[in-house]
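So you can see what is in the structure, the chains are spelled out below.
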Amino acid sequence: MAGFSSYDDLINEITVNGKIYEWFFHKIGSAPEAAGVWHTLWKAAGIPGAGADAAGTPGDALDDVAGSMFFPDQASDTKHLISVGALANQSLTLMIYDRLVSVGGVSINSTGDKTINSPTLPRYTDGVGVLPIIEVTTVTAAAAVVSVNSYTNTADQTGRAGGSVTFPSAITNVDTMFFLPLQAGDKGVKAISTINASSTGGGSAAVAVSLVKPLVFLPILASYWTERDLVLQMTSLPRIYDGASLGLAYLASTTNVANVFGHLRVAYG
Amino acid sequence: MAGFSSFADLLAEMAAGKVWEVPFQKAGNVSVTNQWYSHWKQAGFPPAGDDPAATPGTQYSNDNGSIFFDDKDPDRKFLVKAGLVSQSASYASVVMVYDRLVGVSGISLTTTGDKTVNSAALPRYTDGVGVLAALEITTATNATAAVVTLNSYTNTGDQTGRAGNQVTLGSTYCPVGYFHILPLQAGDRGVKAVATINVGTATTGGIANLILFKPLAVIPLVPGISNDIEFVMQQAALPRIYDDACLGFLSFYTSSAAVGIGGCLTVAHG
Numbered sequence: 001m002a003g004f005s006s007y008d009d010l011i012n013e014i015t016v017n018g019k020i021y022e023w024f025f026h027k028i029g030s031a032p033e034a035a036g037v038w039h040t041l042w043k044a045a046g047i048p049g050a051g052a053d054a055a056g057t058p059g060d061a062l063d064d065v066a067g068s069m070f071f072p073d074q075a076s077d078t079k080h081l082i083s084v085g086a087l088a089n090q091s092l093t094l095m096i097y098d099r100l101v102s103v104g105g106v107s108i109n110s111t112g113d114k115t116i117n118s119p120t121l122p123r124y125t126d127g128v129g130v131l132p133i134i135e136v137t138t139v140t141a142a143a144a145v146v147s148v149n150s151y152t153n154t155a156d157q158t159g160r161a162g163g164s165v166t167f168p169s170a171i172t173n174v175d176t177m178f179f180l181p182l183q184a185g186d187k188g189v190k191a192i193s194t195i196n197a198s199s200t201g202g203g204s205a206a207v208a209v210s211l212v213k214p215l216v217f218l219p220i221l222a223s224y225w226t227e228r229d230l231v232l233q234m235t236s237l238p239r240i241y242d243g244a245s246l247g248l249a250y251l252a253s254t255t256n257v258a259n260v261f262g263h264l265r266v267a268y269g
Numbered sequence: 001m002a003g004f005s006s007f008a009d010l011l012a013e014m015a016a017g018k019v020w021e022v023p024f025q026k027a028g029n030v031s032v033t034n035q036w037y038s039h040w041k042q043a044g045f046p047p048a049g050d051d052p053a054a055t056p057g058t059q060y061s062n063d064n065g066s067i068f069f070d071d072k073d074p075d076r077k078f079l080v081k082a083g084l085v086s087q088s089a090s091y092a093s094v095v096m097v098y099d100r101l102v103g104v105s106g107i108s109l110t111t112t113g114d115k116t117v118n119s120a121a122l123p124r125y126t127d128g129v130g131v132l133a134a135l136e137i138t139t140a141t142n143a144t145a146a147v148v149t150l151n152s153y154t155n156t157g158d159q160t161g162r163a164g165n166q167v168t169l170g171s172t173y174c175p176v177g178y179f180h181i182l183p184l185q186a187g188d189r190g191v192k193a194v195a196t197i198n199v200g201t202a203t204t205g206g207i208a209n210l211i212l213f214k215p216l217a218v219i220p221l222v223p224g225i226s227n228d229i230e231f232v233m234q235q236a237a238l239p240r241i242y243d244d245a246c247l248g249f250l251s252f253y254t255s256s257a258a259v260g261i262g263g264c265l266t267v268a269h270g
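Sequences listed follow chains F and C, in order. Take 1 as the starting number for the first sequence in this note's numbering and just add one per residue. Take 1 as the starting number for the second sequence in this note's numbering and just add one per residue.
Hints in this document: simulated from the structure, not taken from any laboratory. Predicted, not measured: the structure shown is a model, and the values here were computed from it. Accuracy of the hints is not assured; some may be wrong.
[What the hints assert, rightly or not] The list that follows gives simulated cross-link-like pairs (lysine-lysine, DSS-like), each with its CA atoms no further than 30 Å apart: (1) Lys18(C) with Lys19(F); (2) Lys81(C) with Lys41(C); (3) Lys18(C) with Lys72(C); (4) Lys72(C) with Lys19(F); (5) Lys41(C) with Lys19(F); (6) Lys81(C) with Lys18(C); (7) Lys187(F) with Lys19(F); (8) Lys41(C) with Lys72(C).
[To be verified] Covered by chain F, per the in silico footprint, the following chain C stretches (three or more residues, Cβ under 8 Å): (9) 184-192; (10) 230-237.
Ideal Cβ placement from N, Cα and C applies to all residues, glycine included.
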């Protein structure tokens, strides 16, 4: 039987069978755009090392990809996140997510539909809980307005369209990140056909479009370590699938560069 | 069977005396705000540790300056609780308990170019998974903030010549004990050995140890109030303490003021 049958079983797997991994991360990114705006650490230097931009359409399906935190495959066991802790020199909310597919080099310096045609999801293949994000990869010169206007939902309905997001500034920094709204009734995304820019980002503005599965959100007060146990304190035991490519992003509370240090513990059984 | 088959088994082992409680107290020194600081060479108990040897350095094994425990093979030892208190009246800090694995001394940051490290083999965590590299200042820098790169190391897949991103040390003045964790190349899960580091921008006066270490636990502290973290039921973690482990302490400073630490580690075996 994969998984843990009891807390005793978890203790046994960790201490007798050594079925535990730990990954310490340390990232120093770029300056966030503004308080209350998400900021990706995907391309920030540190541990793990800086991730690369994805290929253009149809992009990449990601499996233990360089730049992510990943763990050896353990089928037929299942891996689960059992605790996460972190500190930062700025107050922020840290998100740990599984980066599933990514399409790079999407120009938004003109209006209209932009072809994405994302590849098949490598994990969470039913799309439930899978969300679309965009990350600014080339600074904008105008406040773009962007939506995901043609995607496939968890019920295999195509041509679904969500609401738009307006970039917070004409000059929106590289690494600024947005979740793109879904159409009412949808529980997630299986694939993206196009995004639409109803207002241009100007200049050479470009973004990466990715599908991600958020796993944990961790609130951090500046310079104070926060740790969450995900077994007894906040029972959730998020599953880490084989091939998972874990990334970090945060909701900023300031425009100061954040120095983020923390760790994940993953047990399997 | 080594380890604990259940919580009841852990309690039974502890009741049978398979537990240590080790108090410690280490002074601090002024350092750099929002950066790590090493208590390794500070007085207290355990007493101050020595600098490692020059290349290929020192493999740490129950060394003076660390907290270490009797070998218990075939039993396994696990950290079950860490209780700490900050000795600062004013400043919070975050303390890391780590296993000090290999050190190489005498790395000069006063000239640019590659610096030979050629670190000795890891004595524990020999696959390198989760092992990090850092510079530990032994002679303070006092001018330009040095820019360094871990530019040739061996990763957990035995690939040599791996290189992380360049990083700038936290201040023009990095005092003795300043501790900077070095970035890795994308795709890497840890470090087995370091061949060279590169100094891209030199500083004045700076000499450092290259340290390979394995973080074990992190405990947040507010001034004058103790904090206990239990690693069995409060946090499912049970960090393993290998035979010959050399436990040391780092503090993440929230100001430049010196912060001493004290407390007690509880380790059970079974």
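Each hint tested on the structure:
no. : hint                    : result
1   : Lys18(C) with Lys19(F)  : holds (22 Å)
2   : Lys81(C) with Lys41(C)  : holds (24 Å)
3   : Lys18(C) with Lys72(C)  : holds (10 Å)
4   : Lys72(C) with Lys19(F)  : holds (20 Å)
5   : Lys41(C) with Lys19(F)  : violated (34 Å)
6   : Lys81(C) with Lys18(C)  : holds (14 Å)
7   : Lys187(F) with Lys19(F) : violated (33 Å)
8   : Lys41(C) with Lys72(C)  : holds (28 Å)
9   : 184-192                 : holds (count 6)
10  : 230-237                 : holds (count 6)
This entry does not satisfy hints 5 and 7, going by the numbered hints stated previously.
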